[in-house]
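Below, each chain spelled out in residue letters.
Number of protein chains: 2
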Amino acid sequence: MRSHTYVDSLGMPRIMARILDGKGLAKEIKEELQVQIENWVKQGNRAPSLRCIIVGEDPASHTYVRNKIQAAIDVGITAETIKYNDRLSQEELLAKIQSLNIDQEVDGILVQLPLPATMDERKICNAVAPEKDVDGFHIINVGQLCLDMPTMVPATALAVIEMLKRFKIETFGRNTVVVGRSKNVGMPIAMMLHSDRNHDSGLGMDATVTICHRYTPREQLEAFCTNADIIITATGVPKLIKANMIKPGATVIDVGITRITDEQGKTKLVGDVDYDEVIKIAGAVTPVPGGVGPMTVAMLMHNTYQAAQRIQKAKMQN
Amino acid sequence: MRSHTYVDSLGMPRIMARILDGKGLAKEIKEELQVQIENWVKQGNRAPSLRCIIVGEDPASHTYVRNKIQAAIDVGITAETIKYNDRLSQEELLAKIQSLNIDQEVDGILVQLPLPATMDERKICNAVAPEKDVDGFHIINVGQLCLDMPTMVPATALAVIEMLKRFKIETFGRNTVVVGRSKNVGMPIAMMLHSDRNHDSGLGMDATVTICHRYTPREQLEAFCTNADIIITATGVPKLIKANMIKPGATVIDVGITRITDEQGKTKLVGDVDYDEVIKIAGAVTPVPGGVGPMTVAMLMHNTYQAAQRIQKAKMQN
Numbered sequence: 001m002r003s004h005t006y007v008d009s010l011g012m013p014r015i016m017a018r019i020l021d022g023k024g025l026a027k028e029i030k031e032e033l034q035v036q037i038e039n040w041v042k043q044g045n046r047a048p049s050l051r052c053i054i055v056g057e058d059p060a061s062h063t064y065v066r067n068k069i070q071a072a073i074d075v076g077i078t079a080e081t082i083k084y085n086d087r088l089s090q091e092e093l094l095a096k097i098q099s100l101n102i103d104q105e106v107d108g109i110l111v112q113l114p115l116p117a118t119m120d121e122r123k124i125c126n127a128v129a130p131e132k133d134v135d136g137f138h139i140i141n142v143g144q145l146c147l148d149m150p151t152m153v154p155a156t157a158l159a160v161i162e163m164l165k166r167f168k169i170e171t172f173g174r175n176t177v178v179v180g181r182s183k184n185v186g187m188p189i190a191m192m193l194h195s196d197r198n199h200d201s202g203l204g205m206d207a208t209v210t211i212c213h214r215y216t217p218r219e220q221l222e223a224f225c226t227n228a229d230i231i232i233t234a235t236g237v238p239k240l241i242k243a244n245m246i247k248p249g250a251t252v253i254d255v256g257i258t259r260i261t262d263e264q265g266k267t268k269l270v271g272d273v274d275y276d277e278v279i280k281i282a283g284a285v286t287p288v289p290g291g292v293g294p295m296t297v298a299m300l301m302h303n304t305y306q307a308a309q310r311i312q313k314a315k316m317q318n
Numbered sequence: 001m002r003s004h005t006y007v008d009s010l011g012m013p014r015i016m017a018r019i020l021d022g023k024g025l026a027k028e029i030k031e032e033l034q035v036q037i038e039n040w041v042k043q044g045n046r047a048p049s050l051r052c053i054i055v056g057e058d059p060a061s062h063t064y065v066r067n068k069i070q071a072a073i074d075v076g077i078t079a080e081t082i083k084y085n086d087r088l089s090q091e092e093l094l095a096k097i098q099s100l101n102i103d104q105e106v107d108g109i110l111v112q113l114p115l116p117a118t119m120d121e122r123k124i125c126n127a128v129a130p131e132k133d134v135d136g137f138h139i140i141n142v143g144q145l146c147l148d149m150p151t152m153v154p155a156t157a158l159a160v161i162e163m164l165k166r167f168k169i170e171t172f173g174r175n176t177v178v179v180g181r182s183k184n185v186g187m188p189i190a191m192m193l194h195s196d197r198n199h200d201s202g203l204g205m206d207a208t209v210t211i212c213h214r215y216t217p218r219e220q221l222e223a224f225c226t227n228a229d230i231i232i233t234a235t236g237v238p239k240l241i242k243a244n245m246i247k248p249g250a251t252v253i254d255v256g257i258t259r260i261t262d263e264q265g266k267t268k269l270v271g272d273v274d275y276d277e278v279i280k281i282a283g284a285v286t287p288v289p290g291g292v293g294p295m296t297v298a299m300l301m302h303n304t305y306q307a308a309q310r311i312q313k314a315k316m317q318n
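Protein chains in written order, with this note's numbering: chain A, 1 to 318; chain B, 1 to 318.
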C-alpha cells in the first residue's frame, strides 16, 4: 500500500492514489492460511487436498494451474494436477470427476476453464460435488450465494470483496458500479456488494450497486462511474475506464487482464483501467498485474481449506 | 391500458401516464393459458395439477391461496388446498411435501409463506422437488435463474418482466432502478433486467440496473430514480416514490402492497408509489391494486403449466 505525490501541469503538488497491493495482501493471507493449516494438521487432521484438472494444451491455462499448485504447496495443501490431452471425451472427464467426488482423500476439485469446445462447461461444473467445488461454479453454490447463504464463492469475486474489507474501503450505503456481467465475476460481485451484511453468508456489503455492461451506452457508463465511490471493472477491454470517469478519491478495482503488444513489440498484461491517468484522480487503485490476480489464487486456497473443514465437520456429524 | 389528459396549475393540458392494467393483462394471459391447457388435455395429457399448502390461520394468506386456487380452476388446472393448523410440526410438513414430490398426479407444489416461526422456511423451500417448485424458491431454481438458464422464476418477478414485454416497454441499454433487494422479488428482477437476452433463459432484458435498498441514502435514491427510464419498486413503504423522483415519460412498476387505514377509518391497499402525483409525470404506471398483483397469480398458473409440460417431457425421455 503506497501513496505518493506528483506535480501537475500547473506545478501543483498532488497526492496520487493509494496502490492496493494485491500481491502483498495475497502473501499475507497465504501466510495466515499456512499457520491455520499447520494447526489443523497438528490437531490430527489430514492436510487439505486439491486436484486441478486441465484438458488440452492452452499455455495460459497451464500457467494458471501451475501457479495454483505452487500456492497450494506453499500453504500446506496437498495438490496434484491431472492433465489430459484434448482428445479426452466428456464422458471420460465426467467419470474422473465422479471418482474424485467420492475420493475421501480429496477436498477440492478444480476444472480449469476453458474446456475444449466439444464439452458442455455447465454440465462439467455441475458434476463436481458442491462441497468440493472450490471454484464456486456449481448451480447449488450459485444459488446459495444469491440467497446470502454460506457457500463456496468464485475466487475472483471473493478476492474483490476481501480486498475491500482488508483495505478498509467503506461500502455501507455507498455508490458502487460493477462493469461487466459475467456469471463468474461481475454477477457474484454485484450480488455480494448489494446484499445485507447481517445475512448468514457474512459477505453482504450493503452498497447501492449499478451493473453496467456492453449495452450500457458510453455516456451512461461515464455518468454512473463519475458518481461512484467504488468502481469494479471486469470486462477485458483495455483503457475502458478513464480518468474523466473517476470521482476524486474513489476506489477503483481492476479485475480485467488482457495481454497486449506494446509499440516496442513487447507483450504485457494490462487491466481495464487507464492506470497512469486514473491514479492521479482516484483515492485507491489496484494495479495489473499484482492486484486482483494474486488475490484470486489466495482465495482459492482459502476455499480449499474451507472445503476441507466443512467436509470434516459433516463427517463428524454423521 | 388508458391514457388521459389533465390541466396543470398553469392551465396547460398535459397527458397523464398510461395506466398499465395488470388485471386486464392477467385476464388475457389466463385466457391464453386456458386454450393451451385445453389443447394439452385434448392431446391426451392429464390436466396440470397444483397443490397449495397453508399452515396456520393468517387471513391474508388464506385469501391469497383462495385466489390462486380460483385462478387455477379458471384456466383448467386441477388444484387443491392442503390446510394445517399451526401445531403442525416441521417434520410432518416435510413428510407431506415428500409425498407430493413423488405423487405422479401432482405437477406443482406451493407452500404459502410465511410459515409459523418454529419452521425453517429455507429448509421447507428446498424440500420441494425443483421441477415442481412453482414458486421458484428452491436453491437450484435460484441458481439456474442467476446463471440465465431455463428455470422456474418466482411469479412476482416473472410478472414484472412479462408486463415490460407485453406492454412493449423497451429495456435494451436503458437505465433501470430496482428499489428493494428481497430474494423473492427485487433480486430476481434485477437479475433478469441486467442479463443477456441471448442466453438460454430468454428472460434477459439487457438493461443497466441499479439496485437500491434501505441503506441507499435518500438523496442518492432520488438521483438514481430521476435518471431512470424504468423504476421497479418492491419495498412495502407507501409513497416512497414521489413525483419529483420521476423522469418525465418514465415507466414505474409498483410491486409494493401495504394495507393502510385512511382518514375516514377505511382500510385500503396501496403501493410504494405516490400514485396520484406520479401519474402526472410518468409515461406509464402500474396501479395498486390491479397492477402486478393479478399478474403474479397469472404467472403462477404459467409456472404450473410449464411444470406439467417439463415433467411430461422428462417422462417421455426416460
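FYI, nobody ran anything at the bench for these hints, they're computed from the structure.
Please read these numbers as outputs of a predicted model, since none were measured by experiment.
Keep in mind that the hints are not guaranteed to be accurate.
Label-pair distances were calculated between CB atoms; the ranges are [unchecked claim]:
#1 A/R14 with B/G173: 51 to 59 Å
#2 A/R214 with B/V237: 27 to 35 Å
#3 A/N244 with B/E219: 47 to 55 Å
#4 B/N318 with A/D120: 13 to 21 Å
#5 B/G249 with A/N85: 33 to 41 Å
#6 B/E38 with A/R122: 34 to 42 Å
#7 B/M316 with A/R166: 37 to 45 Å
#8 B/D8 with A/G173: 33 to 41 Å
#9 A/R14 with B/T226: 28 to 36 Å
#10 B/D276 with A/R14: 45 to 53 Å
#11 B/R218 with A/D276: 50 to 58 Å
Which stretches of chain B does chain A cover? Using the computed rule of at least three CB atoms under 8 Å from a CB of chain A, they are [to be verified]:
#12 90-101
#13 146-158
#14 219-231
#15 270-280
Just so you know, even glycine gets a beta-carbon here, dropped at the ideal spot from N, CA and C.
**Study point:** Violating hint indices (sorted, rising)
**Key:** 1, 3, 5, 7, 11, 12 and 15
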